[in-house]
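J.: With this note's numbering, letter number 119 in the sequence shown gets 120, and the count goes up by one each step, no holes.
The set of hints was computed from the structure by calculation and includes no laboratory data.
Source: prediction; values computed, not measured.
Incorrect hints may have been included.
To be verified - Straight-line C-alpha distance at most 25 Å; calculated BS3-like pairs for lysine-lysine:
#: 1; residue 1: 68; residue 2: 95
#: 2; residue 1: 121; residue 2: 41
#: 3; residue 1: 31; residue 2: 45
#: 4; residue 1: 44; residue 2: 68
#: 5; residue 1: 31; residue 2: 44
#: 6; residue 1: 95; residue 2: 79
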Amino acid sequence: MNLKKNKMIFDIAIIGAGPVGIAFACSFAKTNMKIAIIEKQSKKILANPKIDGREIALTHRSADILKELNVWQNIPAKLITTIKEARVLNGNSKYFLDFTHQELQKECLGYLIPNNLIRKYL
């Protein structure tokens with residue numbers, strides 16, 4: 002067997018086809034780079050993700066990236082929930098951090114989007 006003929010050559014190899022991995026791969030769509038996505042799930046399962054009840058919290062920058070990738074526009078507005086305030090906890094510590102959208106002088110801190118929809122439209 003000639004190993005040179007069987008080599009797979011890519012510019013970038015991405016491990017995992019979750020929302021971040023797929024979005025990263027999509028960001029190279031208009032380049033001439035060869036991208037490999039290494040994922041244990043089949044392409045068929047990835048193309049039709051099941052509703053799993055999980056939501057992904059997105060920052061404004063993450064939402065901007067999804068807009069640039071033409072994903073955001075496909076998500077029904079009624080399924081986008083705004084985050085107005087957040088509390089960050091650390092295990093059993095009595096201390097915490099509170100954030101509100103007013104502190105940032107923005108409409109919201111970020112958004113909650115169904116995981117399966119982000120994966121579906123990427």
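J.: If any of the earlier hints don't hold here, list their numbers in rising order.
T.: Hints 1 and 6 contradicted; others consistent.
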